[in-house]
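Residue numbers (the numbering used here): 707 to 947.
These aren't lab readings, by the way, just hints derived from the structure by calculation.
A hint or two may mislead.
Claimed, not checked - Here are the simulated EDC-like cross-link-like pairs (lysine to aspartate or glutamate), alpha carbons at most 20 Å apart as the crow flies:
(1) K868 - E849
(2) K904 - D926
(3) K778 - D744
(4) K735 - D926
(5) K778 - E747
(6) K833 - E821
(7) K904 - D863
(8) K860 - D892
(9) K943 - E908
(10) K868 - D744
(11) K904 - D892
(12) K803 - E821
(13) K904 - E917
(14) K904 - D826
(15) K829 - D798
(16) K803 - D830
(17) K778 - E940
(18) K778 - E917
(19) K836 - E908
(20) K943 - D790
(21) K904 - E889
(22) K860 - E889
(23) K924 - E908
(24) K803 - D826
(25) K829 - E805
(26) K924 - D798
From a predicted model like this one, the values you see are computed outputs, not experimental measurements.
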Amino acid sequence: MQNLVSFGDGHTFGSLIDETSYFSEVNKKRSYVGLLSDRFELNLVNYGAIFPSNRGIYRDVINHISVPGSSKNDFLFINWTRTDRIELRYNDNTDHKTEWMGPRVDTRYFTIGQETLPWDLPKDIVKILKFRDNLNDYTQHLESSINDIFCLQKTLDALGYKYFMVNSFMPFPHSGRYANILEAIDNERFFYAREKDKSFREWARAGSFFETPCGHFKYDAHSRFAQLLGDYIEEHKLVYG
Numbered sequence: 707m708q709n710l711v712s713f714g715d716g717h718t719f720g721s722l723i724d725e726t727s728y729f730s731e732v733n734k735k736r737s738y739v740g741l742l743s744d745r746f747e748l749n750l751v752n753y754g755a756i757f758p759s760n761r762g763i764y765r766d767v768i769n770h771i772s773v774p775g776s777s778k779n780d781f782l783f784i785n786w787t788r789t790d791r792i793e794l795r796y797n798d799n800t801d802h803k804t805e806w807m808g809p810r811v812d813t814r815y816f817t818i819g820q821e822t823l824p825w826d827l828p829k830d831i832v833k834i835l836k837f838r839d840n841l842n843d844y845t846q847h848l849e850s851s852i853n854d855i856f857c858l859q860k861t862l863d864a865l866g867y868k869y870f871m872v873n874s875f876m877p878f879p880h881s882g883r884y885a886n887i888l889e890a891i892d893n894e895r896f897f898y899a900r901e902k903d904k905s906f907r908e909w910a911r912a913g914s915f916f917e918t919p920c921g922h923f924k925y926d927a928h929s930r931f932a933q934l935l936g937d938y939i940e941e942h943k944l945v946y947g
């Protein structure tokens, strides 16, 4: 095993660890993902992006394992984000591209979420924000996220990848129509998957760590969370087992 390949949102990048930069090489190395790569002596390949959707994270993983990925060399760290985001794509006939803070294979995708501001989008499509509540139906995107998680686990298992999943924000229901799918998810490789409201944010808030107005945390939270995750990964032999 040579690489820790991470996918996810701004927490994966260590956004605002320094309270200044959404993305910097220093913050990336001080994030819990960067600290885990140091602990397990793996090269960090970080596909995190600011403000992605879960479907976008799913797409990034599929893109990686389809072309440059190697099940022999890569340990995948997948950090799921909020469900109230959807990624739409600019038409190929337009010149629009999104300036992602982070590597994206296809930069024509843009995110619509509660945090999207009018100046985040070109003028000719900004009117789509009027429909954000319809586009971001919670039940629809929760269902999509749970199915993506289940399908991605099965794909990675079939291809022989070692991987680990974490929540940034996303709570799971524990009864009703999704219960049987959640029961089928590999809980050992999904930290806190079946514990209600357990995510990096909920864990950090419970520990009274400093939180920025936009919901990010500093190095003390990242380092403590990295220790917690690292101990779990080591105990269950998820990297070198």
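Verification of the hints:
1. K868 - E849: Not OK: K868 and E849 at ~25 Å, beyond 20 Å, violated.
2. K904 - D926: 18 Å, holds
3. K778 - D744: 19 Å, holds
4. K735 - D926: Between K735 and D926 the Cα gap is close to 13 Å, so the pair holds against 20 Å.
5. K778 - E747: 15 Å, holds
6. K833 - E821: 15 Å, holds
7. K904 - D863: 24 Å, violated
8. K860 - D892: Holds, at about 9 Å.
9. K943 - E908: Violated - the C-alpha atoms of E908 and K943 are around 26 Å apart, more than 20 Å.
10. K868 - D744: Holds - the C-alpha atoms of D744 and K868 are around 18 Å apart, at most 20 Å.
11. K904 - D892: 16 Å, holds
12. K803 - E821: 19 Å, holds
13. K904 - E917: It holds: about 17 Å lies between the C-alpha atoms, which stays within 20 Å.
14. K904 - D826: 30 Å, violated
15. K829 - D798: Since the Cα atoms of K829 and D798 sit roughly 17 Å apart, the hinted pair holds (cutoff 20 Å).
16. K803 - D830: 13 Å, holds
17. K778 - E940: At roughly 18 Å apart (the allowed maximum being 20 Å), E940 and K778 satisfy the hint.
18. K778 - E917: Distance of about 38 Å is beyond 20 Å: violated.
19. K836 - E908: 30 Å, violated
20. K943 - D790: 33 Å, violated
21. K904 - E889: 17 Å, holds
22. K860 - E889: Holds, at about 14 Å.
23. K924 - E908: 15 Å, holds
24. K803 - D826: 11 Å, holds
25. K829 - E805: 16 Å, holds
26. K924 - D798: Violated - the C-alpha atoms of D798 and K924 are around 39 Å apart, more than 20 Å.
Of the numbered hints stated above, those contradicted by the structure are hints 1, 7, 9, 14, 18, 19, 20, 26, listed in ascending order.
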